[in-house]
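Number of protein chains: 2
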Amino acid sequence: MTENCESRFAAYRGAHVLITGGVGLIGSALARRLAALGADVLLVDSMVSEAGGNFANIADFRDRVRLNIADIRDGAALRHLLAGQDFLFDLAGQTSHLDSMNAPEHDLAVNCTAQLQLLELCRAVAPAVKIVHAGTRQIYGRPRYLPVDEAHPLRPADVNGVNKMAGEAYHLLFHDVYGIDTRSLRLTNVYGPGMRIKDARQNFLGIWLRRSLEGEAFEVWGGEQRRELLYVDDAVEAFLRAALSRDTAGLALNVGGDAPYTLLALADALVRASDGSARFEQREFPAERKAIDIGDFVTDDRRFRGLTGWAPRTALDDGLGRSLDYYRRHMASYL
Amino acid sequence: MTENCESRFAAYRGAHVLITGGVGLIGSALARRLAALGADVLLVDSMVSEAGGNFANIADFRDRVRLNIADIRDGAALRHLLAGQDFLFDLAGQTSHLDSMNAPEHDLAVNCTAQLQLLELCRAVAPAVKIVHAGTRQIYGRPRYLPVDEAHPLRPADVNGVNKMAGEAYHLLFHDVYGIDTRSLRLTNVYGPGMRIKDARQNFLGIWLRRSLEGEAFEVWGGEQRRELLYVDDAVEAFLRAALSRDTAGLALNVGGDAPYTLLALADALVRASDGSARFEQREFPAERKAIDIGDFVTDDRRFRGLTGWAPRTALDDGLGRSLDYYRRHMASYL
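Chains as they are written, first to last, in numbering that gives the first Met the number 0: chain A, 0 to 334; chain B, 0 to 334.
If you're looking for bench data, these hints aren't it; they were derived computationally from the structure.
For each residue, glycine too, the CB sits at the ideal point set by N, CA and C.
Worth double-checking, as some hints may not be accurate.
[Unchecked claim] Taking lysine to any residue and the SDA-like style, the derived pairs with C-alpha atoms no more than 20 Å apart in a straight line are:
(1) A:Lys289 - A:Phe217
(2) B:Lys289 - B:Asp175
(3) B:Lys289 - A:Gly249
(4) B:Lys289 - B:Met100
(5) A:Lys197 - A:Ala108
(6) A:Lys197 - A:Leu323
(7) B:Lys197 - B:Phe217
(8) B:Lys197 - B:Gly178
(9) B:Lys289 - A:Leu97
(10) A:Lys197 - A:Val176
(11) A:Lys289 - B:Tyr177
(12) B:Lys197 - B:Gly308
(13) A:Lys289 - B:Arg288
(14) A:Lys197 - A:Ser45
(15) B:Lys289 - A:Lys197
(16) A:Lys289 - A:Glu223
(17) A:Lys197 - A:Ala58
(18) A:Lys289 - B:Arg301
(19) A:Lys197 - A:Arg328
(20) B:Lys197 - B:Ala55
(21) B:Lys197 - B:Tyr177
(22) A:Lys197 - A:Ala290
(23) B:Lys197 - B:Arg122
(24) A:Lys197 - A:His329
(25) A:Lys289 - B:His174
(26) B:Lys289 - A:Leu323
(27) B:Lys289 - A:Tyr177
(28) B:Lys289 - B:Arg141
(29) B:Lys197 - B:Gly249
(30) A:Lys197 - A:Leu97
(31) A:Lys289 - B:Arg122
(32) B:Lys197 - B:Leu334
(33) B:Lys197 - B:Arg78
(34) A:Lys289 - B:Gly249
(35) A:Lys197 - A:Met330
(36) B:Lys289 - A:Asp299
[Stated by the list, open to error] Away from chain A, derived, C-beta distances all over 12 Å, residues of chain B:
(37) Pro142
(38) Glu167
(39) Leu243
(40) Gly308
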């Protein structure tokens, strides 16, 4: 970590930081970094089996943070946990598009109802807390133009998208009406060590990694759709900068990757990163997936970059290589 | 009713029609019209005291429709009531902006969660039902440009707006993914005989009418903000046309009034309609209202007019006069 970087984040030294979804992919990487910056970090995670929480994600720094297992729907618990916090990184959520269609009311309870309750609790017990909400580019739905900027209409293509849209809108509203210091980052697909690889619930790359490590071909559905990937450490940097940027308060801001790639190009990159041991097969899109697929997606995140100076720093091949290395060593904890 | 008009709505003769919020302002007027068109009409209403339902609204045609008192959150009841329906006019909701800030989770349960459940039930027991959802211009929030068309960004200014935005988004999603024949009308302020006048929960005009009829001055908060009013019979016509228009399926469409008026101009019109007996006082905006007020609002509803041929036909002075007449005769039932 450079001196420059340390001084940028001096405000986190000794600060009280709550991370919901703190044992998941982004939450755990954020916690590791915040602990290194000297923050007093409290992780909240439901540890439900369908979500991203995995104790292996925090094993290397478990003694430097506090952990409270609780569902974010548990308002009584959250009231206690929120009191006295300086920062709230609001990462808990249901992420699976397909699960959201099969169990829409569960998705609503977690991604929408619980967000409203959390903000009401912040008003009550932590009105000065600085919040960053993990939003998603999913709320735009199928793009009408590319690249997609923040003015693009919102037409979610699945129940998860509707609920994430509403969850984000509460944040912006509580900023506008009550002066809560909150913003939302509309993230593209985040990947890296700590992601769920058991299945595709977090994103498609999880299952690709798993199959590659097990010596099996992974499936590429379609192939020509363009997608972006953001390495988890770059996502962490975006969250850390956003929470300290007054200019981002009340805004919903896109956070994309370094560049868009076709799924085929991503598959080729994974084969390269595995030194050729990974292989894949192209497949037709399954019907239930096709109904909620959004085609090409390319993010315009110039506004966020301009306001915070953030830019992704991890090249795709490097990020994929680090991910493969990690799972080669820790595979058993993620199956 | 003209012959032309009857033939336009021939599809309603003998059709099974469910109206949620059926004892409220729009619901009851729609029911009266549908009963006259020969439809088999079932009204569902929670009859909770804060909402718009009032038995006086249906007294003149009570024997020509069926009524089932139930909350739209009651999924078991709705499952039975939805089965076999050809049309669903989805008007039930919490409408008070201020209540939505004071009891946000109740607003969410009614305007968001219940909508998702209703659509899931439609998929299960009435997949071919034609739906019109009562949306609201409130979801746009404070306008960034005027007039506001459907491409205007959504930035709800209160909790009610967030939940109505999500409730509408479910409808569009269920069209896109499951082929449900549904659309949403983003309505401006609707007024007329049958509206709630006990307080301002439906819109500001209710309390203006009440004070005028009681011989007291009504209060105009601010005065220069431009607003639109849509007479209830014109709103009914919009719903009837929308449900029969295939071209509107999957769309959210603005429905405005005949013209925008400043609140002062509306107040003057009410004084005129009362033959000078009404009077008003201008007041500063109360603080808790100002935080969620949206300034001027002017609707661009050319898309809906173009698709359906609809236009409002009731002039403001006429609509206000009819409203005053109605409440002079039925005042006791509305206090």
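Status of the hints after comparison with the structure:
no.: 1; hint: A:Lys289 - A:Phe217; verdict: holds, 18 Å
no.: 2; hint: B:Lys289 - B:Asp175; verdict: violated, 37 Å
no.: 3; hint: B:Lys289 - A:Gly249; verdict: holds, 18 Å
no.: 4; hint: B:Lys289 - B:Met100; verdict: holds, 13 Å
no.: 5; hint: A:Lys197 - A:Ala108; verdict: violated, 24 Å
no.: 6; hint: A:Lys197 - A:Leu323; verdict: holds, 14 Å
no.: 7; hint: B:Lys197 - B:Phe217; verdict: holds, 13 Å
no.: 8; hint: B:Lys197 - B:Gly178; verdict: violated, 41 Å
no.: 9; hint: B:Lys289 - A:Leu97; verdict: violated, 41 Å
no.: 10; hint: A:Lys197 - A:Val176; verdict: violated, 42 Å
no.: 11; hint: A:Lys289 - B:Tyr177; verdict: holds, 12 Å
no.: 12; hint: B:Lys197 - B:Gly308; verdict: violated, 35 Å
no.: 13; hint: A:Lys289 - B:Arg288; verdict: violated, 45 Å
no.: 14; hint: A:Lys197 - A:Ser45; verdict: holds, 18 Å
no.: 15; hint: B:Lys289 - A:Lys197; verdict: violated, 50 Å
no.: 16; hint: A:Lys289 - A:Glu223; verdict: holds, 14 Å
no.: 17; hint: A:Lys197 - A:Ala58; verdict: holds, 19 Å
no.: 18; hint: A:Lys289 - B:Arg301; verdict: violated, 33 Å
no.: 19; hint: A:Lys197 - A:Arg328; verdict: holds, 16 Å
no.: 20; hint: B:Lys197 - B:Ala55; verdict: holds, 14 Å
no.: 21; hint: B:Lys197 - B:Tyr177; verdict: violated, 41 Å
no.: 22; hint: A:Lys197 - A:Ala290; verdict: violated, 23 Å
no.: 23; hint: B:Lys197 - B:Arg122; verdict: violated, 38 Å
no.: 24; hint: A:Lys197 - A:His329; verdict: holds, 13 Å
no.: 25; hint: A:Lys289 - B:His174; verdict: holds, 15 Å
no.: 26; hint: B:Lys289 - A:Leu323; verdict: violated, 55 Å
no.: 27; hint: B:Lys289 - A:Tyr177; verdict: holds, 12 Å
no.: 28; hint: B:Lys289 - B:Arg141; verdict: holds, 12 Å
no.: 29; hint: B:Lys197 - B:Gly249; verdict: violated, 36 Å
no.: 30; hint: A:Lys197 - A:Leu97; verdict: holds, 15 Å
no.: 31; hint: A:Lys289 - B:Arg122; verdict: holds, 19 Å
no.: 32; hint: B:Lys197 - B:Leu334; verdict: holds, 5 Å
no.: 33; hint: B:Lys197 - B:Arg78; verdict: violated, 33 Å
no.: 34; hint: A:Lys289 - B:Gly249; verdict: holds, 18 Å
no.: 35; hint: A:Lys197 - A:Met330; verdict: holds, 10 Å
no.: 36; hint: B:Lys289 - A:Asp299; verdict: violated, 34 Å
no.: 37; hint: Pro142; verdict: holds, 14 Å
no.: 38; hint: Glu167; verdict: violated, 9 Å
no.: 39; hint: Leu243; verdict: holds, 24 Å
no.: 40; hint: Gly308; verdict: holds, 26 Å
In terms of the numbered hints stated before, the structure departs from hints 2, 5, 8, 9, 10, 12, 13, 15, 18, 21, 22, 23, 26, 29, 33, 36 and 38, listed from lowest to highest.
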